[in-house]
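Number of protein chains: 2
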Amino acid sequence: MSKGEETRQRIIAAAAPLFNKQGYEGCVLKDIMAATGLEKGGIYRHFESKEEIAAEAFDYAWAIAMGLRREGLEEIPDHVDRIKQHIARFVQRTGIPGGCPLLNTGVDSDNGNPILRERVQKALRGWQKMLQATLRDGIEAGTVRADVDVEKVSRLIISGLEGGMLVSRIEKTDQALGDAMEQLDAYLETQVRAKRGKASRPRR
Amino acid sequence: MSKGEETRQRIIAAAAPLFNKQGYEGCVLKDIMAATGLEKGGIYRHFESKEEIAAEAFDYAWAIAMGLRREGLEEIPDHVDRIKQHIARFVQRTGIPGGCPLLNTGVDSDNGNPILRERVQKALRGWQKMLQATLRDGIEAGTVRADVDVEKVSRLIISGLEGGMLVSRIEKTDQALGDAMEQLDAYLETQVRAKRGKASRPRR
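Just so you know, the sequences run in chain order S and R.
Residue numbers for the first sequence follow the numbering used here, so the first one is 33 and each next one is one higher.
Residue numbers for the second sequence follow the numbering used here, so the first one is 33 and each next one is one higher.
Chain S with its partners taken away, still in its complex shape (with noise of 0.2 angstroms):
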């Protein structure tokens, strides 16, 4: 990595925490500069503009939530299993300051800021195609129900654990979030496990 990679680096890392808690206008240059230690003119010959560094921060935010939502998920055999991982995982930590950064920056992103929409887009999506993948392994498994709607479900529990967080925000308690991942499990043992017995489940 170049010297100039590394301090952009840098910035997006020190920017992150910063754009997640306080937000795209809450957050400016000059905590920024706080935050790195760097001028102005330091920051901007990395950056074409305020906008790009907080795509960047959002991008840096979300892959460092998203690694610890997703890590040792595809050493649990069971795929269902694996899901109500990935849930208790989100319920447990964000990995940075601010919480989820899908809640922060998808309602921060919504006033004509059309970079940071489309980085926030992106990582729902992504987001959304982990857990649809997740639940095809299962029907071909044979551990999830052959006719699950697999985009309901995994909207099902990206909107279930976003709004519990809210609420859980706003209350200031875990509650909301512990009630949401409760209700997603019994969903996901009733609705989405295939039943015992009737699937083709893997010999040992």
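Keep in mind that the hints were calculated from the coordinates and are not lab data.
Accuracy of the hints is not assured; some may be wrong.
All copies of an identical chain are treated as equivalent in the list; a pair is satisfied when it fits inside any one copy or across any two copies.
[What the hints assert, rightly or not] In silico lysine-lysine, DSBU-like type, Cα no more than 35 angstroms apart, as pairs:
1) Lys72 with Lys116
2) Lys82 with Lys227
3) Lys82 with Lys53
4) Lys227 with Lys161
5) Lys161 with Lys82
6) Lys35 with Lys116
7) Lys154 with Lys53
8) Lys62 with Lys82
9) Lys35 with Lys227
10) Lys161 with Lys204
We have chain S already, so just place chain R on it with the hints.
Just chain R, lined up with the frame of chain S:
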């Protein structure tokens, strides 16, 4: 209403959609001046701070949104149907530009804005109390299962709707909100509605 109070109300009504769309930091005094045709002094004669304007604007936006969502509910005799209608109203329209004020301000007020945060918490508590009162009335009338955890049900409804709204907003389609409604309706029918015959139903 005094002339001063009238102007104050006019400022709040003009500021409400601006804060709801643009967020606390994104809505600047200039925007409120442009929307009201007033000078800075003409605005701050009626408010102590921008935070006070934002707090009153939130209450105003929330009253409009909840007014629409509660409209005519009392006329529906069955309590589960009443909640289903309330959910349908949430999905249909907010009544104020920028979408649900609880989602916007809940995320926005998270970073050191105590007056605004308190208003959001109060709004959430009010919404929960309204749902809980309807459920408790339903338990008494025999339309809602006696063993329902009213706090949990109210929290799941709010989380589900707000999460669906976030995903719908990012995706720019109504799909997630529609899925959330469908899921909540199924939940209400299977887990909350009292089973026919078992409950003591009012006789006519």
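Treating 35 angstroms as the Cα threshold, decide for Lys82 and Lys53: within, between, both or neither.
both (16 angstroms within a copy, 20 angstroms between copies)
Could you figure out if Lys161 and Lys82 sit no more than 35 angstroms apart (CA to CA) within one copy, between two copies, both or neither?
within (29 angstroms within a copy, 42 angstroms between copies)
Alpha-carbon proximity context of Lys62 and Lys82, limit 35 angstroms
Both, since 12 angstroms and 21 angstroms are each at most 35 angstroms.
If the cutoff is 35 angstroms on CA atoms, where do Lys161 and Lys204 land: within, between, both or neither? Let me know, please.
Answer is both; intra-copy 31 angstroms and inter-copy 17 angstroms each pass.
As a check of your reading, is Lys82 near Lys227 (CA-CA no more than 35 angstroms) within one copy, between copies, both or neither?
neither (52 angstroms within a copy, 57 angstroms between copies)
Within, between, both or neither: how does the pair Lys35, Lys227 come out at a Cα-Cα threshold of 35 angstroms?
Answer is neither: 56 angstroms inside a copy and 69 angstroms across each miss the 35 angstroms cutoff.
Within a copy, between copies, both or neither: where do Lys35 and Lys116 come within 35 angstroms Cα-Cα?
neither (42 angstroms within a copy, 59 angstroms between copies)
With identical chains, the pair Lys227 and Lys161 could be close in the same copy or across copies; at 35 angstroms between alpha carbons, which is it: within, between, both, or neither?
within (24 angstroms within a copy, 39 angstroms between copies)
Should Lys72 paired with Lys116 be assigned to within, between, both, or neither, using CA atoms and 35 angstroms as the limit?
neither (45 angstroms within a copy, 53 angstroms between copies)
Go through the copies and call it for Lys154 and Lys53: within, between, both or neither, with a Cα cutoff of 35 angstroms.
For Lys154 and Lys53, the Cα distance is within 35 angstroms both inside one copy (21 angstroms) and across copies (22 angstroms).
When each numbered hint is compared with the structure, violations occur for hints 1, 2, 6 and 9.
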